[in-house]
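K.L.:
Protein chains in written order, with the working numbering: chain A, 1 to 392; chain B, 1 to 196.
I should point out that these hints are in silico values taken from the structure, not numbers from a laboratory.
For every residue, glycine included, the Cβ atom is placed at its ideal position computed from N, Cα and C.
Don't take each hint at face value.
Facing chain B, a subset of chain A residues (Cβ under 10 Å, in silico) [what the hints assert, rightly or not]:
#1 Asp18
#2 Arg26
#3 Gln116
Coverage of chain B stretches by chain A, computed from C-beta distances (three or more under 8 Å per stretch; other residues unrestricted) [said to hold, decoys possible]:
#4 52-58
#5 89-98
#6 188-194
Chain residues, written in single-letter form:
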Amino acid sequence: MKAIAWHGKHDVRVDTVDDPGIVNPRDCVIKVTSTAICGSDLHLYDGYIPTMQSGDVLGHEFMGEVVEIGPKSTLKKGQRVVVPFTISCGSCYHCSKHQYSACDNGLPADNQDIAQELYGQPMAGLFGYSHMTGGYAGGQAEYVRVPFSDVGPIVIPDGIEDDKVLFLSDILPTGWMAAENADIEPGDTVAVWGCGPVGLFAVQSAFLMGAERVIAIDHFPNRLALAKRFGAETINFEETAVYEALMVMTGGIGPDAVIDSVGLEAHGFYVDNVLDQIKASTFLGTDRAHANRQAIIACRKGGRVSMPAVYGGFVDKWPLGAFMEKGLTLKTGQTHVQHYMPALLQAILEDKIDTEFLISHRMPLSEGPKGYKMFHDQQNEVTKIVLKPGLD
Amino acid sequence: MADQLLHQQNDDAPLATSKQRDAIQRAKGSVPEATGTQITARAVTINRPVAEVYAHFRDFANLPGFMENVERIDVLDQRRSHWVVKAPAGGTVEWDARITEEVEHRLLAWTSEEGAEVPNSGRVEFHDAGARGTVVVATILYDPPGGVIGKLIAKMFQREPAIQARRDLRRLKQLLETGEIATPAMNRQQYEEMGL
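Isolated chain A, as found in the complex:
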């Protein structure tokens, strides 16, 4: 089959790879109908994530039709499903508490050593996201083997288009969990750093959870315009001093909750960012965390910090003093996708959440490498690329 494979920094290709099949009893195989390129795929594209190997099949946002089932799968051939990006067993202690991204069993034992050393305990497996997260082949392909198909994929009712529900796989639940982690109370002002897909879904979610005001921060005019469309006030950090603006806009208080949906490749010409970038490129540190630092400084006393953004390693000069002195609370983590899928599918079907606005480009799977380059180089115009193997 054809699949988008990683071969190095800024080098992804359409490869012909082995067809997947059933390996374990709970597996299914799906024929992919839609698969998106995620902002976090750009971290792979930029070479920031360790333990990638040449030939790894990318992609963790995908959906399709069930074509093969293992004896313990509860799915039926022909069903259309959206697959969560986290590979979780549904039977361990963490899954029983709906902490699916902390699943004990989704990661193959041989792939657990690195996370064990780096993080203290290994996390769930992920599709198409390095060997540290399992080495599972991803969904930017014609077919995918899906483990634990009895607890992961959600069945989509007939007549609902792919583009409406595809983002249940990652970014919609991630944006929703980001807002939930901000513990929003009615009347709150919430500031969101980064108006990528996760930030934009966090804006929508924050309003649905009762936020009175949402202030969205980015430097791409098109992305800020999308945030504005959902009712957010905007700050362009290239034109405006963010902390000063936030303090004035919130009457000198600071936002009640802050959401960092930027992550380890924060942009902008700031001293700390430049230092981080030098360290990252010389392997002295990995993560550029300017947005996160700014969010903590801006957050009001006793406020909440939500961090859906991806960080992988270590960060220097984190304002731990401000964090402690102001008594902030931080909630973070990879998304517990399976926990959120059913309610969010319902919200989509009831038109409470808009998803399709995000898609700026649809293209055949074979144009995936071009898609990566576009998404990387033109972040103002390109908000989301969906690859459709059926268009090839």
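Using the hints provided, position chain B relative to the given structure of chain A.
P.N.:
Frame of chain A, contents of chain B only:
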């Protein structure tokens, strides 16, 4: 004289995690007929009842199903078994093992018989952890093939018992909790090639 050189333990931590050089001497006290110069301890919590976990472990024919490096175990009688284990760089090592202590649903201790290529001994404890299931703690004493150099080589080839024990316990957990062992293989053919 030797006893006077042993450090006193001032905490409740498992001896296998001690930074004191003589910890292994003291740890041997908890393993009947202990043999081996290296020690490792690993724990895993399995979300299944203790009787089920113990029964799966006690049937040694099950062990190669989750112990990656164990090629084969021949059960000789209730207490004795013959182990064939993969070694670094493609070889195998074999030994006879004997159960030295057994408390149903609680404890299994073993030692290798005289003449084993890789002398080893240890104990596996099973604790009822209530709503969390069963805590399994494995403490293994072993002589790595070829001493310290052998241990380094084994580590390079990822056949080092400390690494292997952690992975094996995780596979046991996966098998008992989910009914299968997680693998990134895309299909059966890749699975076979990975040698699991």
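K.L.:
It remains to establish, for every hint, whether it holds in the given structure.
P.N.:
Outcome of the hint check:
| no. | hint | result |
| --- | --- | --- |
| 1 | Asp18 | 6 Å, holds |
| 2 | Arg26 | 6 Å, holds |
| 3 | Gln116 | 7 Å, holds |
| 4 | 52-58 | violated (count 0) |
| 5 | 89-98 | violated (count 0) |
| 6 | 188-194 | holds (count 4) |
The structure is inconsistent with the numbered hints 4 and 5, although it conforms to all the rest.
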